[in-house]
Each structure stands twice: as C-alpha cells, then as structure tokens.
Amino acid sequence: GNSVTQMEGPVTLSEEAFLTINCTYTATGYPSLFWYVQYPGEGLQLLLKATKADDKGSNKGFEATYRKETTSFHLEKGSVQVSDSAVYFCALSDPTSGTYKYIFGTGTRLKVLA
Amino acid sequence: SAVISQKPSRDICQRGTSLTIQCQVDSQVTMMFWYRQQPGQSLTLIATANQGSEATYESGFVIDKFPISRPNLTFSTLTVSNMSPEDSSIYLCSVVAGSGGNQPQHFGDGTRLSIL
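Just so you know, the sequences run in chain order F and P. Going left to right, the first sequence walks through residues 124 to 237 as the numbering used here numbers them. Going left to right, the second sequence walks through residues 223 to 338 as the numbering used here numbers them.
FYI, nobody ran anything at the bench for these hints, they're computed from the structure. Glycine residues also receive a C-beta, built at the ideal position from the N, C-alpha and C atoms. You may find that some hints are simply not true.
Stated by the list, open to error - EDC-like, lysine to aspartate or glutamate: derived pairs with alpha carbons at most 20 Å apart: (1) LYS229(P) to GLU165(F); (2) LYS224(F) to GLU280(P); (3) LYS224(F) to ASP233(P); (4) LYS224(F) to GLU276(P).
To be verified - Cβ-to-Cβ under 8 Å is the rule here; a few derived chain F residues that face chain P: (5) THR149; (6) TYR153; (7) SER155; (8) GLY166; (9) PRO218; (10) THR231.
Next up, chain P with everything else stripped away, as it sits in the complex (with noise of 0.2 Å):
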C-alpha cells in the first residue's frame, strides 16, 4: 500500500489567513481525494484531485475557498482560504494504489487545523 505524508501534521492559525496542507505520497498515483473531518464527526469528501486535470468539487465545497493543486502523480495540495472558526477540522488526504474498481483508498494521518 502507498505511504502518504501530510504536512503540517498540526496547526493553529487567526482567522482571515490561509493554509496550505501538502499531500506526498511515495509511489505514483492517479486518484487522490481530499476529505474533511469536523470534530467527532464522520469524512466528507471535499474534491476529487486527478493529475492533469481540474480538481471535481463536490456539492457545497469550492474553489475559491478550497484551491488544490495536483502537478505530478506524487504530490497535491489543499489551501483553506480566508479560514474561520469553522474551519476547524481535520484535514485528510487520501489515494487509490493501483488499478482495478475494487481497490482502497489509503489515507494520510491528516492535518489538525484550529481557526482563533
């Protein structure tokens, strides 16, 4: 299975700022998604990140809040634009390895965000 590294692993910013969270994963992948995990509750997938081509959003996420950049089958990344309290959430990558529907998605160990 891919080995997927997430940075910052943590981090406490005002609100009005930015963040951008790095996803690096050691093979090269086709599929990469980006989740959102607020405090207790289950993921939700924020967008589909397909290298050569635009990021998918889904429904009530976009892209000027949620830019991500995918430039090569190894690396992506997610800014939080214009962060407020409620963006307070983890923050997880995950890719598919691998060919075939029936594969898994493996994921990074997230990005602890908390908006002041």
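Pulled out of the complex, with its shape left as it was, chain F reads as follows (with noise of 0.2 Å):
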C-alpha cells in the first residue's frame, strides 16, 4: 500500500540556516504529493504541491522536487525565519483512486531560534 515517510523531528536551526526536511514515498501508480504546515494552534495550510515527476512546488521561500527515481519529495528552504518554526507534514494522494484521501507523515517540527 501507499506510505510516506517522514524525518522525525523536532529540528533546531538558528535563523537564516538552511533546512531541509526528508519525506519518502511509497505508491502505486503516480501520486501527487503536497507539504502543508501547521502553526501552532492553527490548522494545516496547503504549502506546496507537485502532481507529476520533476515538478517543482514553491511558496513563501519552501521548494520541493518531486523525484521519482528517488521516490523523495524533500522540503527546502535557504534561509529560515523564527516565523517557520511549526510542524510540517508531507503527505501523499492518488488522483486515480477517486477518493482524494490522503497518507500523511508523521509531522517534523521545526524551531528556529533568532
């Protein structure tokens, strides 16, 4: 069955570092795939989105590549903000299905210290 793999957390990094968070994937056929984020006492925001291989998603300084051949679609951001520090989740869907569900990671918390 379809599975997402998250790198476990929390994740300490001083302002203006560079953060990479790891997600992986295993599907069937061709997933699209999405990273949201969570802000405390908030719900999930749509972060980012890739539907096909070497898509790349981008918003609010976060990009992620969807690589097939490494079935990975890892998030990155070149210089974080105490603003970021949140939970992020990675999750997966099968457009092909009809359902729209939904295989989530486990959620990697990042703090940022200024």
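Need the complex rebuilt from these two chains, each delivered in its own frame; the hints are there to steer you.
Set out below in structure tokens:
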C-alpha cells in the first residue's frame, strides 16, 4: 500500500540557516505530493504541491521537487526565519483512486531560534 | 481556495457527554473529510462525508461514536459521542475544492477538545 516516511523531529535551527526536511514515499502509480504547515493553535495550510515527476512546488521561499527515481519530495528553504517555526507534514494522494484521500507523514516539528 | 470555518474552536467537556462540531465552507464542495489529531501526532482520517450519501468511516471509527451529517454542499457536522479522556484531540474538517484528481485538501483551523 501507499505510505509516507518523514524525517523525525524536532529540528532546531538558527535563523538564516538552510532547512531540509526529508520525505520519501511508496506508492503504486503516480501520486500527487503535498507539503502542509501547521502553526501553533491552527489547522493545516497547504504550503506547496507537485503532481508529476520533476515538478517543483514552491511557496514563501520553500521548495520541493517530485523525484520519482528516488521516490522523494524533500522540503527545502534557503534561509529560515523564526516565523517558520511550525510542524510540517508531507502527504500523498492517489488521483486515480477517486477518493482524494491523503496518506500523511508523521510530521516534523521545526524550531527556529533567533 | 475554499474558506472553512469550524465551531467551536475549543471546548472542555465532561466525560460521558457529546459534542457536535460544525464545519461551514464558503463554497459548494462535494468531498469533505473529518480528521482526528491526537496530541503531538499526525492526522488520522475518521470519515469521508459526501453530500447525498452516507459517510464512509475508516477502520477503527464507527458511526455510533462519530455520527456525521452532511445536509448540503457547504456544511457538515461531526458529533463525538459519550466522550472519554481518550477523545481529547484536535478535530479537523477538510474539503476538496474544484475538480480534477490533483486538487489539494483545504483545512479548517480545527476544534481543540479536552475531556475531563
């Protein structure tokens, strides 16, 4: 079955450091891939998405590239800010299933220190 | 993207009671989902609620414990019945807006529920 494996947290970085949060997946077919962010006390916000191999999703300085050869969708940001402190979730869905259901990773908590 | 309002945003309840959570969307959507997020955990899908049909529950969740209504294309409710401390979680609704298999889900801010 489909699954998502996300790097364990928490990740603690200093402001302006480079961020990578690893996400790998197993899936039959060609899933769509998503990154969501959850700020304290809030719901999930869509950060970026990619729907086919080699697509790069980007938003607010974050990027992730859909790598089919390595079944990965790692989240990166060149210079993090304190305001990026949140929990980040990687997720996949199978667009051919017709259900729009997600498989979520376990979430990675990021703490950015000033 | 759709704007989703959830009520209440948080509540503290006594064990044995029930609470109904509302999810209102600013546009008509076919697919709506209810999730549970236990403290420090990822999201677990409770059920899919499509208008015009009975909700479809995931393994480990039953209608008697989590009855769901979906009276129209902009509204749904989830009831947490006969609550116990183990039900203390964040409950979130999400929707898929638009058509096409690659559309993302959009989430409400969640309902933070504590059971004493």
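Out of the numbered hints, which ones does the structure contradict?
Numbers 3, 5, 6, 10 - these are the hints that the structure violates, sorted from lowest upward.
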